[in-house]
Amino acid sequence: MHDITIGPFKQAQGSIFLPGSKSISNRALLLAALSSGATTLKNLLDADDTQVMRTALRQLGLTVTDQANNVCVVEGCGGQFPVSEADLFMGNAGTAIRPLTAALAMQGGNYRLSGVARMHERPIRDLVDGLRQVGAKIEYELVQGYPPIQISAAEIQIKDVVKVRGDVSSQFLTALLMALPLVAKEPVRIEVIGKLISRPYIDITLKLMARFGVNVTRPDQQSFVIPAKTSDAVYKRQGQLSVEGDASSASYFLALGAIGGGPVKVVGVGRDSIQGDVALADALALMGANITVGEDWIEVDGVKNANGKLNGITVDCTEIPDVAMTLAVVALFAEGPTRLNHVASWRVKETDRIAAMAKELKKVGAIVAEGADCIVVQSPISLMNWKSPAEGIDTYDDHRMAMCFSLAAFGPNALKINDPNCVAKTFPTYFAEFAKVVS
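Take the sequence shown: its letters are residues 0 to 438, numbered as in numbering that gives the first Met the number 0.
Just so you know, the hints here were simulated from the structure itself, not pulled from any lab data. One should not assume that every hint holds.
Claimed, not checked - For lysine to aspartate or glutamate, the following EDC-like pairs were computed, each having C-alpha atoms within a straight-line distance of at most 16 Å: (1) Lys-162 - Asp-128; (2) Lys-194 - Asp-315; (3) Lys-361 - Glu-390; (4) Lys-184 - Asp-159; (5) Lys-303 - Glu-318; (6) Lys-136 - Glu-84; (7) Lys-194 - Asp-372; (8) Lys-184 - Asp-231; (9) Lys-358 - Glu-369; (10) Lys-162 - Glu-190; (11) Lys-235 - Glu-74; (12) Lys-415 - Asp-2; (13) Lys-158 - Glu-190; (14) Lys-415 - Glu-390; (15) Lys-194 - Asp-166; (16) Lys-362 - Glu-390; (17) Lys-228 - Glu-185; (18) Lys-308 - Glu-334.
Since we're looking at a predicted model, the values are computed, not measured.
Given the sequences, and given the hints that come with them, work out the whole structure.
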């Protein structure tokens, strides 16, 4: 494990062309694999999480060909994977293991899915409970409710209604939505129990499913109706699909435009984005940042407040949990407290992000209070209270911790970040791109 020392920086200015969205990339890979014929995916994210999905699909007998310039061609299997027994290593990719688990449970084969140690601490019970309602046979290998899991051949019996909890992760609902059309001889209603978090990610799922020919209807906010299958190959080949830029990755550069004077422009997401994380721009505007939004770009040009300072805000982060982490570090540069509510899902991400964020923010001198479902951050009381911890900022093998804390190098001190290579999970070139716009 190595570290890097960056900053202190005074200015951020320039343009960034975003890598493809992780959420869209992994959904598109699986839908292309389940469809009939070949699909060419353009601007596909090339990072650890998408390589995990591609490797798994190849193990399942599919031809997945990586080409130059982030192009990938997937030869679809028409809904039935060629390989009926496999042992799949899913790393720490939640966007890969959850939907793939559901798709495999529909196959009538025997599969084992495991991951890194942290993946074995990330819950999957709500998805397994949903799949068991339709007859899937899934067993936990070590700890109840967590991977590794073993899927055994079973006869799937689709019911009229399948219920799933929505308050731990939206990925469980996404997985059921993508998998159940493979076997739905009659329409199936999925009912969400409790609050549905990260709702914009469900919108991504539904829009991509529609692109591949499956249109899910929504009678109300808590229900989704999957249509009956009309042919063996439920999903239709897309031909070509271009993956839009990653809105979560955009958040760090948008924040730079606010705290580093700007203008900083991100290209690849804008007003036409299907990703909810573009809402970070709205939060930055509430803090006083100058925001301009185009069709496929967003620019942040410093602060419009008379005193030239950002102001603290209180924000409901139910729908933007990932980019809420960016706001937690931006709060270092704001007057007054910033309160991020409804971030309980941070507890079950790549690390316990509430605890990790609180600990590392305190290292640089921030005043932090954490709750079960919230975090409140205030900037250091004065320049004298800013710290540059000799031990560095720990990143917990969590890509977003590393990227978020790069912003803290706009304080008065240089900052050491431990294990910066953890950004390879979603944005391998992050620190090189960061260096292009800061000075």
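Hint check:
At most 16 Å may separate the alpha-carbon atoms for a hinted pair to count; Lys-162 and Asp-128 meet this at roughly 9 Å. Taken as a hint, the Lys-194 and Asp-315 pair is honoured in the structure, with Cα atoms around 14 Å apart against an allowance of 16 Å. Distance check on the hinted pair: Lys-361 and Glu-390 sit about 13 Å apart at the alpha-carbon level, within 16 Å; holds. A threshold of 16 Å between alpha carbons decides the hint, and for Lys-184 with Asp-159 the separation of about 10 Å falls inside it, so the pair holds.
Taken as a hint, the Lys-303 and Glu-318 pair is broken in the structure, with Cα atoms around 26 Å apart against an allowance of 16 Å. Of the pairs offered as hints, the one joining Lys-136 and Glu-84 holds, with about 14 Å between alpha carbons and a cut-off of 16 Å not exceeded. Distance restraint check for Lys-194 and Asp-372: the Cα-Cα separation of roughly 14 Å lies within the 16 Å cut-off, and the hinted pair is therefore satisfied. Between Lys-184 and Asp-231, the direct Cα distance comes to roughly 10 Å. Compliance with the 16 Å bound is thereby established for this hinted pair.
For the proposed pair Lys-358 and Glu-369, the alpha carbon gap of about 10 Å is at most 16 Å, so the pair holds. Only pairs whose Cα atoms come within 16 Å are accepted, and Lys-162 paired with Glu-190 is accepted, the gap being roughly 5 Å. Between the alpha carbons of Lys-235 and Glu-74 the distance comes to roughly 12 Å, so the proposed pair stays at or under 16 Å and holds. For the suggested pair Lys-415 and Asp-2, the alpha carbons sit about 7 Å apart, so the restraint of at most 16 Å is met.
Proposed proximity of Lys-158 and Glu-190 is supported: the alpha carbons are some 12 Å apart, at most 16 Å. Taken as a hint, the Lys-415 and Glu-390 pair is honoured in the structure, with Cα atoms around 8 Å apart against an allowance of 16 Å. Annotation: proposed proximity of Lys-194 to Asp-166 holds, straight-line Cα distance about 5 Å (limit 16 Å). With a C-alpha separation of about 9 Å, the suggested pair Lys-362 and Glu-390 falls inside the 16 Å cut-off, and the hint holds.
Straight-line distance between C-alpha atoms of Lys-228 and Glu-185 comes to about 7 Å, which keeps the hinted pair within the 16 Å bound. Of the supplied pair hints, the one linking Lys-308 and Glu-334 holds, its CA atoms being roughly 7 Å apart against a limit of 16 Å.
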